[in-house]
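These protein sequences, in sequence, are chains A and Y. Following the numbering used here, the numbering of the first sequence begins with 2 at its first residue and continues without gaps. Following the numbering used here, the numbering of the second sequence begins with -9 at its first residue and continues without gaps.
Since the hints were derived computationally from the structure, they do not count as laboratory data. Hints are supplied without guarantee of correctness; some may be wrong.
Stated by the list, open to error - Within a straight-line C-alpha distance of at most 30 angstroms, the following computed BS3-like cross-link-like pairs (lysine-lysine) qualify:
(1) A/K61 - A/K107
(2) A/K107 - A/K78
(3) Y/K47 - A/K69
(4) A/K53 - A/K107
(5) A/K78 - A/K53
(6) A/K78 - Y/K47
(7) A/K57 - A/K78
(8) A/K53 - Y/K3
(9) Y/K47 - Y/K3
(10) A/K107 - A/K69
(11) A/K61 - A/K78
(12) A/K107 - Y/K47
The model shown is predicted, which means the values in this text are computed figures rather than measured ones.
Chain residues, written in single-letter form:
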Amino acid sequence: GNSVTQMEGPVTLSEEAFLTINCTYTATGYPSLFWYVQYPGEGLQLLLKATKADDKGSNKGFEATYRKETTSFHLEKGSVQVSDSAVYFCALPYSGGGADGLTFGKGTHLIIQP
Amino acid sequence: KAGVTQTPRYLIKTRGQQVTLSCSPISGHRSVSWYQQTPGQGLQFLFEYFSETQRNKGNFPGRFSGRQFSNSRSEMNVSTLELGDSALYLCASSLSGQEYNEQFFGPGTRLTVL
């Protein structure tokens, strides 16, 4: 099946710093790619997605570009805020064939200090 | 529109017992996926149901099973509980049938096995 590797934290940054969370994947074909976020005390929610190579997903100031050459989908934000403190998960379909279900990275705990 | 609901929210069982968890998807969503979240293994895909049929299954022993009803509500069952089954069990629903399917997650059921 498909698999994903992402940098594990915790990652601690100061407010307004630049953020990169690395994510690489192994998959058959070119599946859709996702970043999910889990804020403290809240459920898992979709942050952004990209459905084909070279697509850029963006939301809430976060961006990630689908790079098939390097099989990567790194998450970036130019200036982080304290409110961005959360756990971030890179994900892709567990397998092909149209069935739903995702395989996730281990998660990166991001801590933003004021 | 109501979100994904899971019952119960917390559960304490002893080794050897069995447990059934319930998930009600967002109205109109026909796909339901189940995940196990633990600090050590992260988020792992259990199985996915669509129109009462299991379409996809993760790498878990046969003690873990599930089903889906005609109204798309789903249950998962774990038999002969082990200490290692202590985890947060998440359910997610999606529309399915699209090129990419955003999954909407419930708050989870926290299972503790003593």
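Here is what the structure says about each hint:
no., hint, result
1, A/K61 - A/K107, "holds (22 angstroms)"
2, A/K107 - A/K78, "holds (20 angstroms)"
3, Y/K47 - A/K69, "holds (26 angstroms)"
4, A/K53 - A/K107, "holds (23 angstroms)"
5, A/K78 - A/K53, "holds (21 angstroms)"
6, A/K78 - Y/K47, "violated (34 angstroms)"
7, A/K57 - A/K78, "holds (13 angstroms)"
8, A/K53 - Y/K3, "violated (44 angstroms)"
9, Y/K47 - Y/K3, "holds (25 angstroms)"
10, A/K107 - A/K69, "holds (21 angstroms)"
11, A/K61 - A/K78, "holds (9 angstroms)"
12, A/K107 - Y/K47, "holds (19 angstroms)"
Checked against the numbered hints listed earlier, the structure breaks hints 6, 8; every other hint is satisfied.
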